[in-house]
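Novice: So the chains spell out like this:
Protein chains: 2
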Amino acid sequence: MKHNFGAGPCILPQEVFKQAAQAVLDFNDGLSILEISHRTTEFEAVVAEADKLVKELLNLPSGYSVLFLQGGASLQFAMVPMNLLGDGQIASYLDSGVWATKALKEAKFVGNVNVVASSKDSNYTFIPKDFEIPADSAYFHYTSNNTIYGTELFEVPETNVPVVCDMSSDIMSRVIDVSKFDLIYAGAQKNIGPAGLTIVVVKDEVLGKIDRKIPSMLNYQSHIDNGSMYNTPPVFSIYVALLNLRWLKSKGGVAEIEKENKQKAEALYREIDRNPLFKGTCAVEDRSRMNVCFVMENPELEKPFLKYAEEEGIVGIKGHRSVGGFRASMYNALPITSVHALIDAMQLFEEKQAKAN
Amino acid sequence: MKHNFGAGPCILPQEVFKQAAQAVLDFNDGLSILEISHRTTEFEAVVAEADKLVKELLNLPSGYSVLFLQGGASLQFAMVPMNLLGDGQIASYLDSGVWATKALKEAKFVGNVNVVASSKDSNYTFIPKDFEIPADSAYFHYTSNNTIYGTELFEVPETNVPVVCDMSSDIMSRVIDVSKFDLIYAGAQKNIGPAGLTIVVVKDEVLGKIDRKIPSMLNYQSHIDNGSMYNTPPVFSIYVALLNLRWLKSKGGVAEIEKENKQKAEALYREIDRNPLFKGTCAVEDRSRMNVCFVMENPELEKPFLKYAEEEGIVGIKGHRSVGGFRASMYNALPITSVHALIDAMQLFEEKQAKAN
Ligand SMILES: Cc1ncc(COP(=O)(O)O)c(C=O)c1O
Ligand SMILES: Cc1ncc(COP(=O)(O)O)c(C=O)c1O
Ligand SMILES: [Mg+2]
Ligand SMILES: [Mg+2]
Ligand SMILES: [Mg+2]
Ligand SMILES: [Mg+2]
Numbered sequence: 001m002k003h004n005f006g007a008g009p010c011i012l013p014q015e016v017f018k019q020a021a022q023a024v025l026d027f028n029d030g031l032s033i034l035e036i037s038h039r040t041t042e043f044e045a046v047v048a049e050a051d052k053l054v055k056e057l058l059n060l061p062s063g064y065s066v067l068f069l070q071g072g073a074s075l076q077f078a079m080v081p082m083n084l085l086g087d088g089q090i091a092s093y094l095d096s097g098v099w100a101t102k103a104l105k106e107a108k109f110v111g112n113v114n115v116v117a118s119s120k121d122s123n124y125t126f127i128p129k130d131f132e133i134p135a136d137s138a139y140f141h142y143t144s145n146n147t148i149y150g151t152e153l154f155e156v157p158e159t160n161v162p163v164v165c166d167m168s169s170d171i172m173s174r175v176i177d178v179s180k181f182d183l184i185y186a187g188a189q190k191n192i193g194p195a196g197l198t199i200v201v202v203k204d205e206v207l208g209k210i211d212r213k214i215p216s217m218l219n220y221q222s223h224i225d226n227g228s229m230y231n232t233p234p235v236f237s238i239y240v241a242l243l244n245l246r247w248l249k250s251k252g253g254v255a256e257i258e259k260e261n262k263q264k265a266e267a268l269y270r271e272i273d274r275n276p277l278f279k280g281t282c283a284v285e286d287r288s289r290m291n292v293c294f295v296m297e298n299p300e301l302e303k304p305f306l307k308y309a310e311e312e313g314i315v316g317i318k319g320h321r322s323v324g325g326f327r328a329s330m331y332n333a334l335p336i337t338s339v340h341a342l343i344d345a346m347q348l349f350e351e352k353q354a355k356a357n
Numbered sequence: 001m002k003h004n005f006g007a008g009p010c011i012l013p014q015e016v017f018k019q020a021a022q023a024v025l026d027f028n029d030g031l032s033i034l035e036i037s038h039r040t041t042e043f044e045a046v047v048a049e050a051d052k053l054v055k056e057l058l059n060l061p062s063g064y065s066v067l068f069l070q071g072g073a074s075l076q077f078a079m080v081p082m083n084l085l086g087d088g089q090i091a092s093y094l095d096s097g098v099w100a101t102k103a104l105k106e107a108k109f110v111g112n113v114n115v116v117a118s119s120k121d122s123n124y125t126f127i128p129k130d131f132e133i134p135a136d137s138a139y140f141h142y143t144s145n146n147t148i149y150g151t152e153l154f155e156v157p158e159t160n161v162p163v164v165c166d167m168s169s170d171i172m173s174r175v176i177d178v179s180k181f182d183l184i185y186a187g188a189q190k191n192i193g194p195a196g197l198t199i200v201v202v203k204d205e206v207l208g209k210i211d212r213k214i215p216s217m218l219n220y221q222s223h224i225d226n227g228s229m230y231n232t233p234p235v236f237s238i239y240v241a242l243l244n245l246r247w248l249k250s251k252g253g254v255a256e257i258e259k260e261n262k263q264k265a266e267a268l269y270r271e272i273d274r275n276p277l278f279k280g281t282c283a284v285e286d287r288s289r290m291n292v293c294f295v296m297e298n299p300e301l302e303k304p305f306l307k308y309a310e311e312e313g314i315v316g317i318k319g320h321r322s323v324g325g326f327r328a329s330m331y332n333a334l335p336i337t338s339v340h341a342l343i344d345a346m347q348l349f350e351e352k353q354a355k356a357n
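First to last, the sequence lines map onto chains A and B. Quick note on the UniProt record's numbering: the first sequence kicks off at 1 and runs consecutively. Quick note on the UniProt record's numbering: the second sequence kicks off at 1 and runs consecutively.
Among the hints, erroneous ones may be present.
Copies of the same chain look alike in the list, so a pair counts if it works inside one copy or between any two.
[To be verified] Listed below are the simulated BS3-like cross-link pairs for lysine-lysine, each with C-alpha atoms no more than 27 Å apart in a straight line:
hint	residue 1	residue 2
1	Lys203	Lys52
2	Lys120	Lys213
3	Lys303	Lys180
4	Lys279	Lys108
5	Lys102	Lys318
6	Lys2	Lys18
7	Lys259	Lys105
I should point out that these hints are in silico values taken from the structure, not numbers from a laboratory.
Given the sequences, and given the hints that come with them, work out the whole structure.
Specialist: This is the structure:
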């Protein structure tokens with residue numbers, strides 16, 4: 001049994017793996033989920049149930065559509081401005097990390113971009129808070145959780161312009177008020193399901209306001225009009241997402257998982273703060289519950305600790321190269337027992353070090 | 001045991017299903033293929049081997065890149081003109097079916113399109129052959145196999161302009177000379193693997209010739225530069241494609257499977273022609289080996305035959321609504337025993353009819 005702290009694609013519930021494997025062998029009447037047409041009633045039922053569960057788990061108000069797309073969050077970096085940023089307009093972006101930077105870089109291929117604030121100069125160790133969003137922005141874009149730097153923005157910035165949010169790494173980890181957003185997108189490979197699927201939640205009335213000619217696959221409206229079946233969807237990824245959404249619902253939904261996520265994060269940050277060998281890398285008030293970034297006071301101990309942790313079955317905690325040290329990603333499916341295993345390893349390593357000195 | 005004649009997503013080899021299910025449970029060291037990072041050495045090895053096998057199986061000359069993308073063939077309808085059709089240029093398209101029509105429709109969102117010929121007026125029952133490709137076309141695009149109508153173009157049209165081909169439904173079913181093409185694309189969900197993956201084979205020198213600003217995810221060059229890992233790839237679909245490519249290689253590669261595909265198609269067309277109850281729908285010289293379209297002389301017998309076939313375990317033969325009747329898709333993984341089962345059903349149905357009259 002491994003403790004998988006990988007940043008994504010990441011751990012999903014063990015029962016989801018079992019059910020998914022079964023469906024690969026026999027989904028329906030002897031046929032594999034990999035060999036059925038997406039136009040079968042069986043698969044249409046999968047998409048309908050996944051749609052219903054996303055709406056239920058996110059407590060979606062009416063007037064929003066849920067889309068199951070391909071291309072990852074990175075394709076959304078381009079689709080958002082293609083669909084929402086008209087000629088001569090300006091879109092406002094908050095630069096809180098590498099993904100935010102990529103999002104705004106792609107928007108620049110399409111139109112004009114205004115960066116409202118950036119914490120790049122301090123290597124994104126905090127999320128800028130005092131900024132103004134020009135009232136004539138076509139939309140305001142931000143990243144709710146900065147996967148690489150371990151910072152998370154829990155409050156939706158106040159503005160009267162449409163709000164677009166990349167929630168790739170914290171969607172469904174905590175209760176949000178969807179009515180504050182006009183478009184939410186997320187690569188599925190953290191809290192939703194496996195890689196190869198992107199979830200988009202879009203307020204219908206925000207679309208159709210600009211007159212760019214948009215190829216059908218890049219036009220949200222074609223996907224809305226065709227119930228995410230404009231073309232062949234990523235059948236297996238959608239099915240596994242459904243299994244995972246069912247699991248989340250059976251756990252009590254987003255409000256319940258949020259409690260667990262808080263407990264997991266509090267326990268690990270407490271140990272990082274207490275343990276004299278370790279320290280967190282970012283502003284305490286911006287600490288992410290999903291990706292916990294930390295380093296060692298003595299960088300020379302990082303390799304030995306990584307090795308020690310691996311011996312304990314702890315995998316995926318090597319930090320991203322732009323931060324170094326460690327990153328423990330603790331998405332919904334990571335059990336609290338894995339967090340305790342990591343904390344135990346930190347404490348035992350501390351004891352070993354004390355003995356060695 | 002079902003005989004799965006579905007048009008796609010379609011049957012894959014049974015051993016691929018078994019290996020894929022196993023990897024969902026335990027791909028590497030106790031971890032599921034669904035929870036590993038795409039940046040692990042294990043997954044990098046998967047992509048490298050898949051790349052090598054595509055090159056080997058297609059007998060790729062040097063100077064070509066293989067890409068594993070998302071979005072299906074439908075996203076290629078847009079990416080091709082975005083990357084190859086400059087301002088003020090014209091792209092030539094052959095209109096041989098619904099997919100060809102969609103491809104050229106999407107190209108019109110991007111630039112100027114010239115339709116060299118169309119068989120729309122005869123409901124695409126044949127592939128136009130006498131047409132001219134203007135020598136100043138940015139490229140010439142055609143669909144090698146028209147999945148819906150059951151026609152296939154075995155000869156690459158002669159031209160001096162770059163040739164782009166949608167091979168979604170016949171890639172790797174027969175030997176082709178890749179050096180005649182500048183760009184080949186295919187949704188994986190027929191002969192390559194499961195849905196959620198698109199294969200692109202592109203001649204490197206055809207790129208970079210126009211100066212449109214192309215968002216990174218829509219720019220072939222970013223995917224080439226990053227070895228198909230510009231962003232999170234569809235991990236599981238690529239892995240299953242690899243399993244399937246290994247299977248194809250173990251069968252003797254494309255030349256061997258082509259022999260089988262010929263046998264399967266000849267057997268079924270022979271029965272369609274012989275059996276007085278059935279008739280083919282398209283020009284004999286354009287008959288596809290992948291999708292065999294046929295109807296009944298007496299349309300009232302179609303429902304009873306469909307029902308009878310289903311009782312024999314034959315699924316997926318209902319024709320597309322734009323043709324009606326039946327479509328038996330016989331991709332690489334469909335065993336010849338399934339073709340014999342269909343032929344038997346046709347003969348037994350003929351006998352039953354004879355007795356009833
Ligand atoms: C916040 C955020 N946005 C975007 C991305 C890019 O996602 P994808 O690889 O699906 O394009 C990631 C990937 O980890 C991410 O964490
Ligand atoms: C020849 C051809 N082109 C394109 C497509 C569309 O493919 P996708 O659904 O992957 O976008 C299909 C789908 O069956 C096809 O057969
Ligand atoms: Mg980041
Ligand atoms: Mg400390
Ligand atoms: Mg067609
Ligand atoms: Mg006949």
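Novice: Run every hint past the structure and note whether it holds.
Specialist: For each hint, the structure was consulted:
| no. | hint | result |
| --- | --- | --- |
| 1 | Lys203 x Lys52 | within (16 Å within a copy, 44 Å between copies) |
| 2 | Lys120 x Lys213 | between (34 Å within a copy, 26 Å between copies) |
| 3 | Lys303 x Lys180 | neither (44 Å within a copy, 52 Å between copies) |
| 4 | Lys279 x Lys108 | neither (37 Å within a copy, 56 Å between copies) |
| 5 | Lys102 x Lys318 | within (23 Å within a copy, 46 Å between copies) |
| 6 | Lys2 x Lys18 | both (16 Å within a copy, 23 Å between copies) |
| 7 | Lys259 x Lys105 | neither (36 Å within a copy, 50 Å between copies) |
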